[in-house]
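The lines below spell out each chain.
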Amino acid sequence: MELTRRKFDTLIIGAGGGGLRAALQLASAEAHVAVVSKVFPTRSHTVAAQGGVNAALANVRPDNWHWHMFDTVKGSDYLGDQDAIEYMCRAAPQAVYELEHFGVPFSRLDDGRIYQRQFGGQSMNFGGGQAARTCAAADRTGHAILQSLYQQNIRAKTHFFDEYFAIDLVRDGEGCLLGALVMAIASGELMLIEAKTTLIATGGVGQIFRTNTNALINTGDGMAMALRVGIPLQDMEFFQFHPTGIAGKGMLISEAVRGEGGYLVNAEGERFMERYAPHALDLASRDVVSRAIATEVREGRGCGPRKDHVLLKLDHLDADTVHKRLPGICDMVRTFLGFDPAHTPIPVAPTAHYTMGGIPTNRFGQVVVPEKHGPEEPVPGLYAAGECACVSVHGANRLGGNSLLDIIVFGRAAANHIIEYLRENRYHRPFPDDGLDAPMARLARWEQQGDGETVDALRGELQQVMEADCGVFRTEAVLTDGLRKVSALAERLADVRLRDHSRLFNTARIEAMELENLMDCALATVAAALARQESRGAHTRIDYPKRDDVHWLRHSLYHRANRSVDSKPVRTRPMTVDSFPPKERVY
Amino acid sequence: MKFSIYRYHPEHDTAPSMQAMELDDALIKPGMMLLDALLLLKAQDESLTFRRSCGEGVCGSDGMNINGRNALACITPLSELKTPIEVRPMPGLPVIRDLVVDLEPFYRQYRAVTPYLVNHDPEPEVERRQSPADREQLDGLYECILCACCTTSCPSFWWNPDKFLGPAALLQSWRFLADSRDQATDQRLADLDGPFKLFRCHTIMNCVEVCPKGLNPTRAIGRIKELMLKRST
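Protein chains in written order, with our numbering: chain A, 1 to 587; chain B, 1 to 233.
The following block holds chain A by itself, in its conformation from the complex (with noise of 0.2 Å):
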């Protein structure tokens, strides 16, 4: 196969609100990027984001900075890194008018501000009442966030490979990241693109699990990536689930919903959360409303004639401020269930959502790994940021609103600390001869020829493995079960085989590139949840339902070569401001 070899300053992998956020403020210092992405870039997941993203700017209610902070370190359960979150909660006020001076529509209060709407996990005065920190665009606020950052890298003539898919990335012997080998997805054409730094922004990795919020694409291809050239990913154990999917069929209800008035019901029509949550209610951290409904299901309180769900009610409010507030949801609802939620409650169950886990970087977006200088050494040229990394803010438990802020204000950090980073490495660093070899051996690999398994039985079996032994609930026992399966579907990955060998749009070859890294993500995924003996934010084991400061409060990372599992310390000092100590969490 031909290739074709280009240079930039800087290559992005991914589209979505982290990618173009650096994009943009990459572009707008004259830097020369080249931004990669396997789909359109308005088609990346940011879009799917619906409630809003969180910063103390006090439009309704008292706020500021500091208490946003304290609830997403508890939020964490006091896993995230408070110089990192300091940071992101100091920045999002800032983040987020930058936003609506590119142009994003948000809703709007009377006298003109941006409106914010409450959300779980928030509140005024450290764990005081209600807090109003989630700024809208109605329920499409990702969307909205998503158009209007690709709009302003139009204006910012910022270099997009649309549907090109990245295959591996490209160290040398030193370490340093060299760019990454990418296919053209519509001719099937290879491209070097030889890069000074590289930004991972691929997003996460909802995939393994069978139901599930997450679009197709979110395969975790950049941690695979990451992977595959040594590098460790953190904190893999803590995967979100939403409480509130639509049962059986995953689509996300954004916690909007709830913020805007909606609660939960089980089938003797008791309103729950006031056993699970007295104050903050349905209102609580996520980890904590999904465990409250699969703790109803189980003991035999969900609805519905399997009772394998809860109910959500909106049917209390006012039917047209709903509609207003709330326009996606009840077209999704429409559109999946076929009523109108302002006046029939919604089936939800716990779906996965979140990888709270991922690339282990530092708050300036360097990848960080343990080296021969202490546990968080960066690697030379690599970035990451997003829901793909790990910096890490959301640690145990993300609050929602905290994603798209995580995305605006890291994509945003990590390109200035490029920008920082190009001016003392003015030269591409030289391309060693075998610098393609595991590369193309890789994409090789996929032409073998004959009978075999299909790509999409396989992930079938992954997909359903992981809900059944890696979900809400676990114990040793069926996480050493779900280890032994998923590594046993790791070895017949070898047995797989394409029948369609193609170049031309060829999905086929894609998918099944997707599921090598789905495969390696959820390795990680189980190996990290059966290393970690205890119960913290959304990773609970019945067997170790404590949470264990003493020897737990750490980061855990997993390592590809040995699929072995072991851990670095939290950073627990912020920045400016006295650290937050670990507490019980109540909510």
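No lab work stands behind these hints, which were simulated from the structure alone. It is possible that some hints are incorrect.
Stretches of chain A that chain B covers, calculated by requiring three or more beta carbons in the stretch to come under 8 Å of a beta carbon on chain B [as the list claims (entries may be wrong)]:
| no. | stretch |
| --- | --- |
| 1 | 8–16 |
| 2 | 103–109 |
| 3 | 148–156 |
Yeah, the Cβ is synthetic: ideal placement off N, Cα and C, and Gly gets one too.
Please build the complex by placing chain B on the supplied structure of chain A, with the hints as guidance.
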């Protein structure tokens, strides 16, 4: 359940053809969408090619022509479709393979309408104010997901794909003209001048008929024409 699906693979087909494909009725569950069926068909024949991502009608990847009408496969219920279900690529654009069309001409139209907010004032340190009434002007516009269902169903676009900008791009143009924060009205209108870019719309309204988000490009085009008229008098 029976399907008739447009197949074209330029590496080995000289011409496109309609292929009969079938799914065992046992596989069809209540509430299934066409995308679910296409994924099952692809599991049988992995060479079947189409774009897809979110599966819930928000990313705009899987626009296609379904029983003669453009729609998103992921929010088109099988139960509402007459069988055999005929699935073709969206018309009016070059086919790359099977149901995948080359959207570059469509994206070029989008880029041609200056699709971003232009405001020359010094940036305030907080948000620019916008009244709820002004913000409401953007409803029905900002929701566009660029799926191309409208533009590729528009006869005016089929006839003048290089000259007429098409309903999607013109809806975007009005999205910024209607934004109280935008200051490029004169330039935007000047850019749309002439007999083709805007005025080739003959209010056939196919765009309104097919928009999966329930938007109304024809109305947006009408508003642009009104504004032009108002400015020229």
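Evaluation of the provided hints:
Counting residues of the stretch 8–16 of chain A whose CB falls under 8 Å from any CB of chain B gives 0; the rule of at least 3 is not met. For the stretch 103–109 of chain A, the stated coverage by chain B is satisfied: 6 residues place a CB nearer than 8 Å to a CB of that chain, which reaches the threshold of 3. Proximity of the stretch 148–156 of chain A to chain B, defined as three or more residues with a beta carbon under 8 Å from a beta carbon of that chain, is established by the 5 residues found.
Checked against the numbered hints listed earlier, the structure breaks hint 1 alone; every other hint is satisfied.
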